[in-house]
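Chains as they are written, first to last, in numbering that gives the first Met the number 0: chain A, 0 to 331; chain B, 0 to 354.
Just so you know, the hints here were simulated from the structure itself, not pulled from any lab data.
None of these values were measured; they are calculated from a predicted model.
Among the hints, erroneous ones may be present.
[Said to hold, decoys possible] Computed from the model, here is a short list of chain A residues facing chain B with C-beta under 8 Å:
no., residue
1, Asp-80
2, Leu-152
3, Leu-154
4, Gly-155
5, Pro-156
6, Leu-175
7, Gly-178
8, Pro-182
9, Gln-262
10, Gly-265
11, His-271
12, Pro-293
[As the list claims (entries may be wrong)] The calculated label-pair distances, taken between Cβ atoms and stated as ranges, are:
no., chain 1, residue 1, chain 2, residue 2, range
13, B, Asn-86, A, Thr-75, 49 to 59 Å
14, A, His-60, B, Lys-157, 31 to 41 Å
15, A, Arg-325, B, Asp-217, 17 to 27 Å
16, A, Leu-51, B, Asn-86, 46 to 56 Å
17, B, Gly-127, A, Glu-57, 24 to 34 Å
18, B, Ala-154, A, Thr-75, 52 to 62 Å
Just so it is clear, CB atoms sit at the ideal spot from N, CA and C, and this is done for glycine as well.
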Amino acid sequence: MEGTAASVGMTGVAPPGSGALGRRQRGRLDRIGDRSLYVITLAAALLSAVVLGGIGYEVVHGASASISHFGLGFITTNNWDPVPPHEVYGAASFIYGTAVSSFGALLIATPLSIAIALFLTELAPRRARTPIGTLVELLAAIPSVVLGLWGILVLGPFLRDHVEPGLHSVLGWIPLFGGDQSPVGLLPAMLILTIMTVPIVSSLTREIFLTVPKESKEGALALGATRWEMIKTTVLPYSRPGIVAAVILGLGRAIGEAIAVTQVIGGALGIHANLFVPADTLASRIASNATGAPTALNLASVFYLGVILLALSVIFNAVARLIIRRMTLKGS
Amino acid sequence: MKKHRLFAAACVAGALALTVAACGSSSSSTSSTGGASSSTTLVGAGSSLVLPLVSKWVPDYAGKTDPPVTVTYGGIGSGGGIDAITNRTVDFGASDAPLSADQASACDNCLQVPWALSATAIAYNVSGVDNGLQLTPQIVADIYLGNITTWDDPAITKLNSGVDLPPTKITPIYRSDGSGDTYALTDLLSKISPDWKSQIGTSTLVKFPVGTGAEHNDGVAAALGQTDGAIAYLGAAYVSTNSLTEAALQNEARNYEEPTVKAISAAADTVKSVPSDNAISITAPPASAKDAYPLSTFTYAIVPQSSPKADALKKFLTYAIDPKGGQTFGPDLLFAPLPAPVLAADKSTIAKIGS
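All chains should be modelled from the sequences, with the hints used to inform the complete structure.
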């Protein structure tokens, strides 16, 4: 009996007509297999929930000293002075930096990614699709610290010497492009984040475009639509919720990126309507202040920044889900 | 059948173990107590400033001990070193700044041993000005406070009559992460500038009112190299390795000094007594030290008083501070010899380990 079970277990196929005993054996094995599959997958699913809960608890627990000391005023205070007796912390400037750099990055990355995805699904010659798509996805494989180093050594000086003077002379009347040029600041951070989000958003968008029913596209073309009209009337409306979801995923990546941003943003306080000046983001300030905090309140305040970052991520995810649900309802 | 069951059980157990490990990660106070190897391996981490020096010590020390004692050291930065020894994930930490009050209480009976002596350099990048710029600590304070904003400011041109200084805007570069160099600079500036002392203060991490932040010494070096008109402070050894230009700083005797072993030693020779926590400040030494570099600084090993590897730690630290041992590698790497009062304090501190 032992032998039969082992052989059944090994081959996984019950020979046809091996008798009632074999079939019963088989059924029991299946039940055990199903149950263990259920337990294993349940454990995996629970694991992520437990880890998330654990992280959330630890971050809030670590921040409790700062939360009770500064309260909600922390969010609107634009200061970060770690030296007693004038020790005071606030997140306003980092929230601003995070918002401007991530939204700015997505403002550039979204049209770029949609264009890449359209080209790869609708316009590119079939033979060119795979190599170009792979190259775009390879962008995501660049370690962020390498991207940051490239940002400070190559991109930053290039922007300061060639891009920022041009922007300044043409659009200098807009505060965003006024002021001094610098190799570090919001603009290089924004562009580094663009490079990091394009592969994510474009590959997701491409997958979404591939799900557009062929019949709709062919129908549009049969009615005499040009290729652009076909894209406008079938591909884009059908994919809208998916694109939004892809963009929100990209936003999550941009908001949380720390190392590359730390290297190029210039770690400075302040809320300026200027893209050229040094600034800082939540994630970047956490990265640069996380080790060797000189005071206990400093460490707690770094955790408080973590709480805000975590809350922002949850809010963005919820908003994304809402948008997708509403759009899907409208679409159908 | 048994195989299946075993496999499933193993999977579930594995998943559970992962879960438990993830939950229990909050208190990482497990020290590395390896059984037989505990007497022969020392793990350290911290200051990147002393990394070149410790890298010389490691093979030399292994050759002098029988059986050879392996020391590994990660130059993860002073802040990381303090955190690592506070959580006892290493056997010793290293920091260029002494522990702050909060850090000392979190570290729970840690001893600090000043085990090397170096300096923080003031470097600049002004096109057309190759070397030899002379600055006073007051000017450095005014630049970092935003009171002096161009290189042709009268305060600077007055001191550098032979140099043709351009009207370039000054970009002060500072460390955005906690740093022993920031501590040394702010310690000096707090001593000579009342404004600095009241507005900014002394710490490894301060709020700079103007300028641009950069990560770590190499980030500072990169930002400095990329920015015309920039001024920065960084570990003295980084100036030559990154071919940067350093300024001579005026000391209390009104002489201008660059960070050389001789000028650092002159500053350290002013130490007559050592406080009980071994935190020694030798910035802005008295005018009697005529050749002293005013921005010199000690760097510290941080060890727990009670350690399972107390004996090995004692021996290694004794070797490190020995003028005929570890200190012989210093001068080539811009580390000056430890002065006698500091050596004596080190020896009595090392004796406390494990007691």
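*Report the numbers of all earlier hints that the structure fails to satisfy, in ascending order.*
When the structure is compared with the hints, numbers 3, 6, 7, 11, 13, 14, 15, 16, 17 and 18 turn out to be violated.
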